[in-house]
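Below are the chains, spelled out letter by letter.
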Amino acid sequence: MRELSYLEAIREALQQEMRRDPRVFVIGEDVGVYGGAFGVTRGLVEEFGEQRIIDTPISELGIAGAITGAALTGMRPVGEIMFMDFTTLAIEQLVNQAAKIRFMFGGTATVPFVLRCPAGSGTGAAAQHSQSLENWFVHVPGLKVVMPSTPYDAKGLLLAAIRDDNPVIFVEQKLLYKTRGPVPEEDYTVPLGKADIKRAGRDLTIVATGVMVARALEAAEQLAREGIEVEVVDPRTLKPLDAELIIQSVSKTGRVLIVHEAARTGGYGGELAAIIAESEAFDYLDAPIVRLAGRDMPIPYNRTLEYHTVPQVENIVEAARQLAQGRV
Amino acid sequence: MRELSYLEAIREALQQEMRRDPRVFVIGEDVGVYGGAFGVTRGLVEEFGEQRIIDTPISELGIAGAITGAALTGMRPVGEIMFMDFTTLAIEQLVNQAAKIRFMFGGTATVPFVLRCPAGSGTGAAAQHSQSLENWFVHVPGLKVVMPSTPYDAKGLLLAAIRDDNPVIFVEQKLLYKTRGPVPEEDYTVPLGKADIKRAGRDLTIVATGVMVARALEAAEQLAREGIEVEVVDPRTLKPLDAELIIQSVSKTGRVLIVHEAARTGGYGGELAAIIAESEAFDYLDAPIVRLAGRDMPIPYNRTLEYHTVPQVENIVEAARQLAQGRV
Amino acid sequence: MTLTPERQRDLLRQMWLIRAFEEKAENLYAQGKIHGTMHLSIGMEASAVGAVAALQPDDYILSTHRGHGHCIAKGADLDRMMAEFMGKETGYCRGRGGSMHIADVAGGNLGANGVVAGGIPIAVGVGLSQKMQGTGRVCLCFFGDGAANSGPFHEALNMAAIWTLPVVFVCENNQYAMSYPASKAFAIPRISDRAAGYGMPGETVDGNDLNAVYAAVSRAVERARAGEGPSLVENVTYRWRGHSKSDANRYRSREEIEAWKEKDPIARFERWLAQAISLSEPDARAVEQAAYAAIEAAVAFADASPEPDLAAIEEGVYA
Amino acid sequence: MTLTPERQRDLLRQMWLIRAFEEKAENLYAQGKIHGTMHLSIGMEASAVGAVAALQPDDYILSTHRGHGHCIAKGADLDRMMAEFMGKETGYCRGRGGSMHIADVAGGNLGANGVVAGGIPIAVGVGLSQKMQGTGRVCLCFFGDGAANSGPFHEALNMAAIWTLPVVFVCENNQYAMSYPASKAFAIPRISDRAAGYGMPGETVDGNDLNAVYAAVSRAVERARAGEGPSLVENVTYRWRGHSKSDANRYRSREEIEAWKEKDPIARFERWLAQAISLSEPDARAVEQAAYAAIEAAVAFADASPEPDLAAIEEGVYA
Ligand SMILES: Cc1ncc(C[n+]2csc(CCOP(=O)(O)OP(=O)(O)O)c2C)c(N)n1
Ligand SMILES: Cc1ncc(C[n+]2csc(CCOP(=O)(O)OP(=O)(O)O)c2C)c(N)n1
Ligand SMILES: [Mg+2]
Ligand SMILES: [Mg+2]
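Residue numbers (the numbering used here), protein chains in the order written: chain A, 1 to 328; chain B, 1001 to 1328; chain C, 2001 to 2319; chain D, 3001 to 3319.
Bear in mind the hints are in silico, worked out from the structure with no lab data behind them.
Watch out, some of these pointers could steer you wrong.
[Claimed, not checked] Listed next, the in silico DSSO-like pairs over lysine-lysine satisfying Cα-Cα at most 30 Å (straight line): (1) C/K2245 <-> B/K1178; (2) A/K178 <-> D/K3033; (3) C/K2184 <-> D/K3033.
[As the list claims (entries may be wrong)] Every beta carbon over 12 Å from chain B, so not counted as near; a handful from chain C, in silico: (4) R2007; (5) K2131; (6) F2186; (7) E2203; (8) S2218.
Owing to the predicted nature of the structure, the values given are computational and were not obtained by experimental measurement.
Heads up, the beta-carbon is just placed ideally off N, CA and C, and yes, glycines get one too.
Produce the entire structure from the sequences given, and follow the hints as far as they go.
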């Protein structure tokens, strides 16, 4: 199959859906001629014009309001917040308005938008340009949260998200933008709410999100050489979560390592741990649940410090190896 | 001992600390002559004047910036956001600035402020005036998060929070404002990061926060009549968390029910569940961890629906009873 | 732009409906039949009615926490409105929203809002979507003096201006944001002066004069519909009641309130109608009485309506 | 308010230091010795230097992502600055902050900021705290044209105005927010026209003319120090380089850039100094060369400095 980068997969989804559905448009800072801070929307303004690829002032809350109001009145906007860190400026509209409108209005309205948020560290951009805030949005009833880890998933999930009738926070992984993988040319969707077993194994389950999926797979590869067979589960959609698949996997392996980049405390790992500890998988657990996550600190500028602030392959290997002890 | 309401306890802490420390001031919407939306600051402007009890325009982000800048240059402000729901407008300053300044600046600065946030449902104020967003702040390295459940704790924690050199989010429980309890007149602090066993028991641990502590205690009272002895642990400070005390309690009882008002998914209960499931308490667990939390939905206006959206005493009794099955 | 006598009579009727609705709501609140909180616009009726009168039926409005007047002026069904206040299943929001969230999307009312300034950025999106779809519709966005000092106001007005969107921003300056007087909250005399900073026209009118409001908003609506972009209209008015149900009015004097009651926008419009279309006193009283009767009927409807079904509690969170 | 010849020479020195620092930083980035991103202010030196020259040493500044100039003008130690760029333990932020977060709290620089407009609300707090403590200090807050369309700008300017805080808002209008031209982002010709909406003085000056910047900001500082409240000064200028290290300059023409290079603020100030204080060409070149030499020394210092200790990684999150 043809290969695309994660970034190109996202762009292709936007492009195909804009061709198919005149209600879809893109709005955000520098999404036009600049092509977006990371180049995701490059070329789109040439095809669709400034009416549908809309550059905005530096007004994140305004962007959130614009997509909310447009979605409420018949459009299907795709907004972009240049860095997920700046959703902090837009979050009133996302949380108090977009997420709640349908419920508050007694089910008489829909707010079908997607908000794309490049997230994560690893680019040397320091504390205000590196955050992973997905669990904030997971915590908000009325929002859906998607976090693709491969080019294939990115395209399929974005198409599904745009077609979904709810506001969807689409968390893109900056570090994955250039990674490549097979992506069908045709239109396809990856349904929201379906997790994916990225690698099957029997000794231990790793549930990893976003950029950590690739690291977990690399770790699994190494561990396989030691005879430890790791199953890597990627939720893909954080909300609604495919709890069933995770519970099944953990029930099978009896051990679970949860890996995410976001700061440990108060993060999505807690939700995953709780879902497992509450479920029938609890009875199959042979060892405590282990979370491996970003340290509880802002992302530092210094390269070495930054590297050691979030889980790396070697940390996953070590944690998984320790957890698998006694098993193999 | 003299009794005060939760609201009066908070007011007394503000008053005593403002008398003691000229760097302390209060700033927020309608905190002056109006006395705050809930009356917490009533009377303070008469004593301290408009220079130290500062009414603001409806500019939540401006308030957050004002306390950040003032704290950075020698003051110890206490801000108020009228409803926790509106921290959504201020959160950029709280999260990207106040929480990170110390770290980003290499430890050369402190940002000692307290931000008071009345939170929670139960007042018929519907979806945009009833949220419990504490886990968002727990997830932010650099912030501390406090959530008192009694008048005694409210006064002692607020004094400790104002004297702390870090930005502290102080989550007040609207429904508790009028509840009364013993409060010493003198100056005392309840140290941040110390949990409290609100009731000792051997069969089951309930970890409850904020308004749920009182409900858990009432449930424990009922269950005691059935012979089920519940231990109720109140973290009081959500971050930094006194994990040790919780782990000890759960290790002793072997069963844990986590109760909070905030929406279940992505909430603080996940963090608590993970901390327990990762700890040595795991080996003592006789049953899956159970979370009882707000439903994953906006708070409805209708009284009956609102009531059934968050845990009530009877829900706690039922969940605890079920969890204790087989134990007693 | 001139209103027919029938239309003028109807505007009087709308003002009386608002007054009657809010007096009744206040009353029901005191009786415990309505809970939560509510924000009454008694004394501000001309602002709501005069502004919405400038719209076509299929235009949009975005409203505020003090939105009952806007809602009624936009043609809300009083039964469903009252049912919503009582938290009934037949209410506009199936009892989920209450006073602060009434919306009638089909009728072009995109919702009251519990967040000050919460609707202003949404207006940008509504305007953008009208422009993109070429509907010719206008979006009229209400907000208070307090809202004009919030960041969202700024971002939204600028975006609407640079994209020449069909939006009319109507600031209902009732001179207080809760207890905070506009005289302290602004270092400028007129909020409409801010329009110049966005490159849009700004106008301040006597918000208790329905005709003045109607004229100013009509100009703004015409401009918006003609594709010339947004405007800011400031209606200077006053709320007679406290900010919400928990206000002790500590921040203003009884004299001030009484002085403004003298400027009752309904009485004023009646006096004007007496001249302009020779509305007789009995006719005026008939309008008033019909309004109060309509509200009683709405209460009866709401009273007889069922509570939401508890089994359906989680409905409507997601589409 | 008139500057001595020594002081004027020193301002030239500062401008050259900024130019030299940024050219070097660009160079080191290309070599991979600096990572992440950075935002160069080459071509905007007069705005930073002229504005900060109007302050007393113990006054405060708040800076931006494009803040190297502000930092140097405020008297930063170049060694520690360069060390920060290289992520070294001896840097201003112990290598934790990098280009976008350099702060020198002791020296009155309350920090660059990675968030557009992130510093503007903080300026309100700093001003408030100066007023409460009666320090007589002024807070000068820099931001770009892009920042002036953000909500935080609005809330902050209003608060500073109504409380007559000792704050000077300096908008460095370099005519682009990343790729978005001010001509599209504003429906008004001058950003300083917004000042009127807050009831504060606003002034637009040629930001490439150090003397004009200095004069305008000095007036604003005097006013602030006299307790008369904030002002907004707009320095119209231009950045020669791309927005950041990843900019392909697709949104503007080479001609435009070249035309602005003709308006080099350093050359212009040198020409003026040649007249005003008879600065000779060799003197000017000596200043320039000394600046480049100082930067080389800073690089040597930074190169020789240790990396942060990994064991201390979690230090400094909490006090
Ligand atoms: C963002 C936000 N901050 C604070 C509040 C609490 N609050 C509700 S109404 C109000 C005053 C609003 O003043 P104004 O905009 O003038 O409208 P008015 O109430 O006078 O109609 C305040 C502070 C809120 N609902 N939303
Ligand atoms: C709130 C926020 N939104 C977006 C960005 C990304 N960004 C960084 S600088 C910039 C442009 C800033 O323009 P301006 O304020 O004019 O300053 P300049 O870069 O021209 O100096 C943008 C969009 C950011 N850092 N912060
Ligand atoms: Mg008002
Ligand atoms: Mg700029």
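Results for each hint:
no.: 1; hint: C/K2245 <-> B/K1178; in the structure: holds, 18 Å
no.: 2; hint: A/K178 <-> D/K3033; in the structure: holds, 23 Å
no.: 3; hint: C/K2184 <-> D/K3033; in the structure: violated, 53 Å
no.: 4; hint: R2007; in the structure: holds, 34 Å
no.: 5; hint: K2131; in the structure: holds, 27 Å
no.: 6; hint: F2186; in the structure: violated, 8 Å
no.: 7; hint: E2203; in the structure: holds, 22 Å
no.: 8; hint: S2218; in the structure: holds, 29 Å
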